[in-house]
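J.: Sequence:
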Amino acid sequence: MLNGLWLSFFLVAALAGLSRWLFGDDPAVFAAMVESLFAMAKLSVEVMVVLFGTLTLWLGFLRIAEKAGLVDLLGRALGPLFARLMPEVPRGHPALGFITLNFAANGLGLDNAATPIGLKAMRALQELNPSQTVASNAQILFLVLNTSSLTLLPVSIFMYRVQQGAPDPTLVFLPILLATSASTLAGLLAVALVQRLRLWDPVVLAYLIPGALALGAFMALLAGLSATALAALSSLLGNLTLFGLILLFLLVGALRRVPVYENFIEGAKEGFDVAKSLLPYLVAMLCAIGVLRASGALDLGLDGIRALVQALGWDSRFIDALPTALMKPFSGSAARAMLIETMQNFGVDSFPALLAATVQGSTETTFYVLAVYFGAVGIQRARHAVGCALLADLSGILAAIAVCYWFFG
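The numbers in this note's numbering rise by one with no breaks, and the one at position 92 of the sequence shown is 95.
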């Protein structure tokens with residue numbers, strides 16, 4: 004799957020470049036495509052520099068949590084649920100604890116913590132994988148739920164809106180929460196259908212229903228707060244949780260007589276080794292994405308969607324937010340740039356800007372996550388992971404459009 008996907012990026016880019024040269028009289032497109040190759044290769048190294056520090060830091064703390072028994076405790080608590088969703092993972096396996104920590108970090112918008120924890124979970128799942136190059140069912144479910152981007156507190160989106168002068172930075176909080184819930188549900192259902200998971204199992208429902216009720220209660224509580232209080236709570240809760248986790252790991256480790264410093268160094272060394280193995284996969288994926296963007300293929304697709312929508316007589320205001328939606332599965336930085344550009348061009352509280360912010364907060368950089376998570380363990384055949392992940396992204400985008408029309412007209 005990855006082989007065909009990667010090749011298709013270059014073939015589509017080549018066709019788009021040829022059409023711009025032959026029919027648009029733009030021979031400079033090939034220079035832009037070649038320049039993009041080198042720019043993306045440079046960006047891959049810059050991303051790696053950030054990942055080196057982040058992975059080294061968090062895998063050091065995670066080694067302390069592992070030795071202190073916290074990861075095993077989480078794994079045992081969620082054993083009955085994952086026995087149904089990931090039957091090939093033994094009860095109490097460390098992977099279950101890392102998966103839970105990863106979902107919690109993603110939900111709170113702690114991206115810097117979520118990625119290293121997720122890589123640790125993927126490596127633990129790879130130990131159970133009978134194939135060294137083909138993704139297992141458990142790895143696919145974990146990756147798809149990651150790419151569905153369930154986020155309870157989208158602090159980064161609030162920050163972008165503050166930077167652009169929004170009088171109410173948290174205006175998009177509930178739309179993002181609804182849209183990201185839709186994308187996560189779609190991803191879970193897609194994988195469950197392909198893998199024939201029984202989501203109506205009483206044990207599964209016993210975990211999911213209270214979780215859904217708790218999420219609804221949390222949404223109701225936050226909906227009653229003022230914009231200022233909501234922004235303050237989002238920032239406080241995210242940072243407090245992040246530092247609280249570090250303190251929890253250290254204190255429990257010390258109480259259980261774990262040599263915390265030595266274990267931090269041991270885990271940090273592992274983080275360095277993991278980060279080092281990611282560069283080839285990042286270069287491959289980011290260069291393909293860069294060529295596709297420079298060829299103008301994404302612009303052609305946007306123009307086609309606009310023409311179709313106008314021909315059907317539909318409201319086409321959402322088209323101006325689609326650059327963010329189209330870029331998000333490929334590149335987080337490019338989608339962020341598109342979001343900021345939309346805010347500046349149309350106004351921070353315009354419909355396109357509000358929709359772009361909602362899309363940015365409710366979808367994930369699917370191909371980047373795919374390259375990093377599967378690349379870290381050498382997976383080459385993704386099976387149905389890409390299809391299910393893209394379905395979750397599409398569901399999140401469509402839900403964001405519907406919710407924004409509902410909230411903002």
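Derived by calculation from the structure, the hints in this document are not laboratory data.
Among these hints, one or two may not hold up.
As the list claims (entries may be wrong) - Taking lysine-lysine and the DSS-like style, the derived pairs with C-alpha atoms no more than 27 Å apart in a straight line are: (1) K279 - K70; (2) K45 - K272; (3) K45 - K279; (4) K272 - K70.
Stated by the list, open to error - Here are the computed distance ranges between Cβ atoms for each label pair: (5) G304 - F246: 18 to 26 Å; (6) V206 - A257: 52 to 60 Å; (7) D171 - F221: 17 to 25 Å; (8) G27 - F411: 16 to 24 Å; (9) R309 - G95: 46 to 54 Å; (10) D171 - R94: 26 to 34 Å.
Ideal placement from N, C-alpha and C gives every residue a C-beta, glycine not left out.
J.: List, from low to high, the hint numbers that the structure doesn't satisfy.
T.: 5, 6, 8 and 10
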